[in-house]
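Engineer: Spelled out from the first residue to the last, the chains are:
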Amino acid sequence: MRAMVYRGPYRVRVQEKDRPTIEHPNDAIVRVTRAAICGSDLHLYHGMMPDTRVGMTFGHEFIGVVDEVGSSVRNLKPGDRVMVPFNVYCGSCYFCARGLFSNCHNVNPNATAVGGIYGYSHTCGGYDGGQAEFVRVPFADVGPSPIPEWMDDDDAVLLTDALATGYFGAQLGDIVEGDVVVVFGAGPVGLFAAKSAWLMGAGRVIVVDHLDYRLEKAASFAHAETCNFAEYDDIVVHLKKITDHLGADVVIDAVGAEADGNFLQHVTATKLKLQGGSPVALNWAIDSVRKGGTISVMGAYGPMFSAVKFGDALNKGLTLRMNQCPVKRQWPRLFEHIRNGYLKPSDIVTHRIPLEHVAEAYHIFSAKLDGCIKPIIVPNAA
Amino acid sequence: MPYTPDKPKLAESTDELRARIPGWGADLDPRDRPSVPKERFDPGLNGAHWEFPQRQPEKWPREMSIEHEFLTPVFGTSCPPRGLSGVIRRYSYRTYSEARAAHWLLLLAADRVDAVESTLRSMLTRHPDNPVTETGVLSEFTHHGLSSRLRGKRVDRVHHPLDPVVVAAPWVLAGGVAYLAARRVVRRRRG
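So the sequence lines, in the order shown, correspond to chains A and B.
With the UniProt record's numbering, you'll find the first sequence wraps up at 382, consecutive numbering, no jumps.
With the UniProt record's numbering, you'll find the second sequence wraps up at 191, consecutive numbering, no jumps.
For reference, chain B alone in the conformation it holds in the complex:
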């Protein structure tokens, strides 16, 4: 009871817990846990044989947070920025710090642009995007999709119908734009 001084009694004693739970109390001493204390100064502990690491070659101008003093000595080289999404990303990194919502909102916008650009680009290759195989949606039929969703009182059922909307919206939008463009071309030729 919070209304009186004593802590409520537990249903099980220490001995009962130790008997029931394998390893109960093995890390009982709070001072003897791997993450205590939070900061433990020991630069020789970590296998590093450098004070500052050698620099990795920068093969293209690497986008970086303006909160950094300089480019970090090591960095990932996956997916260099390209296309319109790359322009938006570079602008965001160049202009806004991590403290600004505009930085993150621009990066999220660039992600959406990237998805559209990449899908369009894939149409020109031998491996165009395939929303059926890439969403893995066929596993609904092989891994108990319906029964998994209907079992119990899952609260996420209420927003499951939104998932296909999120996936399909860009495709529907692109299809609509393509249809309108084609219709306009046909009408001009006829007219």
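Next comes chain A alone, as it looks inside the complex:
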């Protein structure tokens, strides 16, 4: 089969690879019809995530058609059109039994601090991902769900991570009616978090980024006020000024490990790999939220230490909430919101690129060329 493979920092290619096989009785093999590149794939692409091996296929956002099932699979059959959460999870461990699917303890031998994620390094379990023609899906009775007939493919693929994560991020903010919500990052997760904040009754939503084209999308898609932090000497002071010097009630970090805005932080984290991530957005969140407020962290960070301002977080009495999103928990409600017309995830898709051109897709997305917000990868067999 044809599959994207990682060749080293900033280098990927498409090549022939063995078709995955059933390795466990509850596996399924899915023929991929759509995959997406996630902002967090860029952390792998840039060589930031420890134990990212040459030859691995990335891709934790994908949908497809079931091609083959293992002997113990009951809920799926070949031919079913399925969406697959980015979490690999067993459904039965201590954490899964409590709904913490992203924290599954039975799928990742390489680390106990993180669950399993498709195509996301060996630190997340060593599973090949969906930027390929076929992918192995463990625990087929647990994770995947049939795609509703009324749902189109681009909406479905965004439900496998980006939309679910943004919606989850807004929930972790514990937003109550009338709250002022600041979202750092106008990428896919930030846009969905901003949109979701309104569903939870926010009184004001402000999105911060440095890319004008993304801020324009935040205004049009997520109905948000926008701030380009590049236009201010100190974005924290500006946010204080526009929130009556109180600060926001809730701040959502939808940027994560490659945050810009502080050269030293960015270079030490992303180029020299001396930190688990550049915590610029997280530090701005700590400083711009009001005392007693809540920060929701949805941006992905690596397992190493980062220079985070915990003293300010302590002194301000903040609540910091975070997790990888347990995707499937969000689906029933998100299906309702899409059907009701409150959310149209595919509105943020800017590029649809054949799998054979995956190297260009990564470069365009990484360098933020051509107004790129969300690239979708379409395999040959789709």
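Just so you know, the hints here were simulated from the structure itself, not pulled from any lab data.
Take the hints with a grain of salt, since some may be wrong.
Here are the computed lysine-lysine pairs in the BS3-like style, where the Cα-Cα straight-line distance is at most 27 Å [said to hold, decoys possible]:
no., chain 1, residue 1, chain 2, residue 2
1, B, LYS153, A, LYS240
2, A, LYS271, B, LYS153
3, B, LYS9, A, LYS291
A short list of chain B residues far from chain A (calculated; beta carbon distances all over 12 Å) [to be verified]:
no., residue
4, GLY175
5, LEU180
6, ALA181
7, ARG188
8, GLY191
Here are some chain B residues the structure puts well away from chain A; computed CB gaps all over 10 Å [to be verified]:
no., residue
9, VAL172
10, VAL177
11, ARG183
12, VAL186
13, ARG187
14, ARG189
Note that CB positions come from ideal geometry on N, CA and C, so glycine has one too.
Mind docking chain B on chain A? Use the hints.
Structural biologist: Same frame as chain A, now just chain B:
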């Protein structure tokens, strides 16, 4: 104002927000949200028809965190460790827990070694690594590279020049080493 008790008034009323934003308030009740409460015990909910999953066959000694009691029943089988990078990875997993910086720094070092080893290995195949096609850099010419970078006040422009350095450094280094080695061989033969 934080200096007085009342919360600042919002510019828009609830009715105005509901009229302007599709779905405003659809999840207004914090107790009626899919992720509330954080932990909800219901082992029958998730489609699992086992208490502990059947074990996947271990086809090679699978590296694992020493914080695990045993190998997880299911695991990824992509890219088994190999070469010098594999030795470093196995050592890191065998020796250090996730709590130790040495664990992660060794794994990152192994990643860099892996990239060099794999590039050298690719030179012996019909598909050697090609930094031009693999970086996708030609999309700079087809997807408005220059104008995208110059538009607005992007703050990442300041470190864009570092990207080619990160990509090219191993190639330049390898070329330099190869040149020095070749020069030494030639000089010995002449001498």
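Engineer: Output the numbers, in ascending order, of every earlier hint that fails for this structure.
Structural biologist: none
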